[in-house]
Amino acid sequence: MKNFTSIKDAGDLKELLQKALKLKANPFQFNELGKNQTLGLVFFNPSLRTRLSTQRAAQNLGLNSIVYNAGQGWKLEFEDAVCMDGDKAEHIKEAAAVMSQYFDLIGIRAFSSLTDRKRDYEDFVLNKFIKYATVPVVSLESAIRHPLQSLADLMTIEEKKKVEKPKVALTWAPHPKALPQAVANSFAEWMLRTQVDLTIVQPEGFQLSEEFTKGAHIETNQKKAFRDADFIYAKNWSCFEDYGKVSEKHSDWTITPAKMALTKDAYFMHCLPVRRNVVVADAVLDSPKSLVIEQANNRTFAAQAVLAEILKNSK
Amino acid sequence: MKNFTSIKDAGDLKELLQKALKLKANPFQFNELGKNQTLGLVFFNPSLRTRLSTQRAAQNLGLNSIVYNAGQGWKLEFEDAVCMDGDKAEHIKEAAAVMSQYFDLIGIRAFSSLTDRKRDYEDFVLNKFIKYATVPVVSLESAIRHPLQSLADLMTIEEKKKVEKPKVALTWAPHPKALPQAVANSFAEWMLRTQVDLTIVQPEGFQLSEEFTKGAHIETNQKKAFRDADFIYAKNWSCFEDYGKVSEKHSDWTITPAKMALTKDAYFMHCLPVRRNVVVADAVLDSPKSLVIEQANNRTFAAQAVLAEILKNSK
Amino acid sequence: MKNFTSIKDAGDLKELLQKALKLKANPFQFNELGKNQTLGLVFFNPSLRTRLSTQRAAQNLGLNSIVYNAGQGWKLEFEDAVCMDGDKAEHIKEAAAVMSQYFDLIGIRAFSSLTDRKRDYEDFVLNKFIKYATVPVVSLESAIRHPLQSLADLMTIEEKKKVEKPKVALTWAPHPKALPQAVANSFAEWMLRTQVDLTIVQPEGFQLSEEFTKGAHIETNQKKAFRDADFIYAKNWSCFEDYGKVSEKHSDWTITPAKMALTKDAYFMHCLPVRRNVVVADAVLDSPKSLVIEQANNRTFAAQAVLAEILKNSK
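Chains as they are written, first to last, in our numbering: chain A, 158 to 472; chain B, 158 to 472; chain C, 158 to 472.
Read the hints as simulated data drawn from the structure, not as lab findings. The structure displayed is predicted, hence computed values, not measured ones. There could be a bad hint or two in this list.
Pairs involving identical chains hold if they fit within one copy or between any two copies, as the list cannot separate such chains.
[Said to hold, decoys possible] Here are the computed lysine to aspartate or glutamate pairs in the DMTMM-like style, where the Cα-Cα straight-line distance is at most 20 Å:
| hint | residue 1 | residue 2 |
| --- | --- | --- |
| 1 | Lys245 | Glu405 |
| 2 | Lys381 | Glu361 |
| 3 | Lys181 | Asp261 |
| 4 | Lys334 | Asp166 |
| 5 | Lys245 | Asp439 |
| 6 | Lys380 | Glu367 |
| 7 | Lys275 | Asp422 |
| 8 | Lys232 | Asp439 |
| 9 | Lys288 | Glu451 |
| 10 | Lys446 | Glu172 |
| 11 | Lys179 | Asp169 |
| 12 | Lys334 | Asp242 |
| 13 | Lys159 | Glu368 |
With the rest of the complex left out, here is chain A:
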C-alpha cells in the first residue's frame, strides 16, 4: 500500500479487515512502528471524528502527528499556468512538495464543491495533491469517497452480522443542507466488494453515480428496501443529477421506529455527525440497535490498520 484513497488501494480486503480487528483487540501491538516518523494531517474542511481518530491511531503506532488547517493561512492555487496575482499566495505544487519533506506520510481532507461535478468527480484537489506529493497520501474524505469511514463500517458489520451474507440497506435521509455523496459512494463501493446483499434506496432523482452503485439493487420505495434488512445505513446526500441540489420534499424519509420495525431487527448505522429527528428519530438512535458510536470507535482502528500498512511498506 502506498496511497490509500479508495478500495482499489485496500489490497486483500479480508486481510485488511482482520488486521484492523486485531489492532482493536490490541491497540499497542505496533507502538514502535512509527518511531521518528511524522504524519501530516492537512484539512481543507473541518473535522471532529476523522482528525481525532486518526491522531489517536497515529499515537497508538508511536507515530507523531501534526495538523495543518489549510484555511488558517493563505489560499492555495490548484490551476496550472496561471498568473497568481489574485488571492492565492501559494501553488499546490510547492505546498505538497514542501510538506512531503516535513512529513513521512500525509492525510488530506478535501470535500466536494457541490457546484462543479466534473471537477469533483475527478477528485481534483486530492489528485493534484498526490501528483505533487512525494510521500504516501491517505484520504481523510475526498470529494467523492471516504474510504476510512467505509473500512470502519465494514468492521462494524463484520462484528455484528448474524448471517454469512447480511442484507444491507443504504437509505437516503432528509437534511437541510447540501451534503456530498462521498460517504454513500464509498459505502456502496466497499459493500459491493464484500459478502453482503446491498440495496440502495433514495427518492426519485437522487440516484448516486452508477460508477459506485453498479451491482446493487436500486430502489425508490424506502419501506420495500427496509423489509428483512439486517443493517440500515442512513445518510443524506445532495443530488448527483442536478448536482448539489437539496431536496425540499421527502421529509417523510426520516428513519423512524415504525420503519425499523419492517426490518429483521436491523442494526442502525450512520457515519455521524447526525441531525436528530431530521435524519433519524431519537428513538432509533438511542435504541440498543444503534451502532453509530461503535462505528466512530472503529474509525481509530481502520486508520491504524491503513497507517500501519503504509509504514510497513515504506521500511
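The hints should help you fit chains B and C onto chain A, whose structure is shown.
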C-alpha cells in the same frame, strides 16, 4: 477521583496539595504514568494559561494531549428531543460519547453565558458533557467554577504563608467587560475548606452567590477588608443578582499601593489575564509581593496532580 | 547560544552550518536531547513552512512542541503604563513571563506592521517578548529578520556552489501585496558574513536599509546584476523609504528564462510561498535549476541545529 469539577472531587485536600507540591519539586517523577493514553482538551472558549499548563502537565506525565476547539467545526446541540434542522450539526450526546472513545480522559472548558443564570448555575454544558461521556472529565473552567485555578491558588498560599491561618481578602476589582463569577466562586469555595480567615469584599449589589460564600466575612468596605490582610486576591466579576451586569461606577476599586499599604505587607494575587491600571496598578503588579506569575506556574502542577490521580485510579 | 534572533547569535557561522548539514545527514543523532522539554511556538502571523519545519525539527530532537496562535484568544498589550480598558486583555509582560514557565524555550513569529517603520526596525514585538521572557527565544521571522530562513539558504548555497566564492544576486521581484523586508534583510546580512560576492538589485526607490546591505553591490539594472551570477535569489519587498508602499510599475521584473540565460547557469532560489508568473515564471520554477523545495527542506535542519545548540547550552 473520577471526574474533577469542584472541590467535592478533591478528596483529602491536604493530601492533594502535598502531591501537587511534590510534583512541582520533581515534575518527571511519574513520566511514564500516562503511557499509551491520551488527554482530550475540548475548548468552547479561548484559553492561554489553562491549555498550555494542562498540555505541559500531561507531557510531564508521559500523557499525550490533543486539543479540540469546539468553535472551529460545527455547532453542537445541547437540548434534548429537538428537531435539528437549524445550525447545530451534532448533538452533545454523540460528540461526548465519540470523544470518550478516542480519549482516555477529557478536559473541558465551557464559560458561563452570563445571560441565563439558571442554566449557568446548573453548569449546564459541563454536566451535559459529563452525562454523555464515558471517561473521566476534568473541568478547565466551567460556568461557575475554576477548580484547577483554585488548587494552584491554594498551593501559592501554602508556599508563601507566614502564619498558620492567614487572613485572605478576595476583593472585587473594576473591569470594562462582563466576566463570569467562576474564579471568585471557586476561590471562595476552596478557601472556606482550608485554614484561612476569608473576607470577601465587593461593591453593594455585587455579592456572589451564597452557595459559594457561606461562612466567609462579607464586606462592602474595601479598605476595611484590606486591613491586616496577609493575601489580597483581586478579581472582577459581573453581577450575580442583576445577572451579568457590569458596574459602570466603582472605578475607585482598583488595587493601588495606597490600599496595599493598609495590609500586613500582603502578597497580591490574581488568576490572569489582568488588565493593568484597571484591575490593579502597575506598581502593585510589578512589586516583589506580586504572586501572579507563580500562581500561573502552579497551574501546571495543580493539573498534573489531578491528572495523575485520575490516571492512577483508572489503572 | 541563548536567544537566536539574528546572525549575531549564530556564533561561529561555519561551525553552525556544518552542524546543520550533519543533522540533515543524520536527523535522529540527538533524538534524546529534548527529553522532558517543551518548545512553545507563538504565532502572531500565519505560517506553513516555519511551523511545520520547526515542529519536525523539535520532534527529531525528542523535544515536545506546543503551538499558540496569539490571534485565537485575546489581544495583547505591548505598551507600558497604559490603562488597559480597551480591547487588550493581557499585557506582554505577564504573557511572556507565564509562557516561560510552561516552555523551556520559545519560538516567536511577529511580522512587521509596514506602517510604523521606527517601531518595526526596533523589532518592537520580538524585543518586548524577549525582555519579559525568562527562557531562550528563537525568532521564527520578526519585523526585520528571518534568520532561520537565512541559515537554510546558506546551507542550500553551500550544498550547490561550484566555486569557492560564488556570485549571488538578490533580486527584487513584483508582488501585488505589501510584503516585509525581513527575508531580504536577513539574506543580505548573512551573505555579507560568508564567502560570496553579493549583488542586490531593485528598482530605483526600493533600496533596503543600509543597516543590512552595507558592503554589497547595489544595482538598479536587473540584467546587469544577473550577468555571470551563480545563484539568483528572488524576493519581493515593499518600499523601505516610502515605508510599506507597493510598486505598481516594475511588472517587468518577473524572473524569466530569458533573464536566467544571462547568468552562469545559475540556480534559482526563493523562500516560498511564491506567486507563480508574478515573481517568477513557471519555466524557471519548474526547471532543474530551481532550489526552492530544497531550501524549504533545509528549514528543518536549520531549526534543528539552532534548537540543539540552545538545548545543549541550557544543560
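How the hints compare with the structure:
1. Lys245 - Glu405: between (36 Å within a copy, 19 Å between copies)
2. Lys381 - Glu361: within (14 Å within a copy, 70 Å between copies)
3. Lys181 - Asp261: Result: close only across copies, 15 Å inter versus 24 Å intra.
4. Lys334 - Asp166: neither (31 Å within a copy, 43 Å between copies)
5. Lys245 - Asp439: Intra 44 Å, inter 15 Å, cutoff 20 Å: inter-copy only.
6. Lys380 - Glu367: neither (22 Å within a copy, 58 Å between copies)
7. Lys275 - Asp422: Neither, since 40 Å and 42 Å both go past 20 Å.
8. Lys232 - Asp439: Between copies, since 19 Å is at most 20 Å while 40 Å is not.
9. Lys288 - Glu451: This pair counts as between: shortest inter-copy Cα distance 18 Å, intra-copy 35 Å.
10. Lys446 - Glu172: neither (27 Å within a copy, 45 Å between copies)
11. Lys179 - Asp169: within (16 Å within a copy, 42 Å between copies)
12. Lys334 - Asp242: Answer is between; shortest inter-copy Cα gap is 9 Å, intra-copy 34 Å.
13. Lys159 - Glu368: neither (23 Å within a copy, 51 Å between copies)
Taken one by one, the earlier hints fail for this structure at numbers 4, 6, 7, 10 and 13, listed in ascending order.
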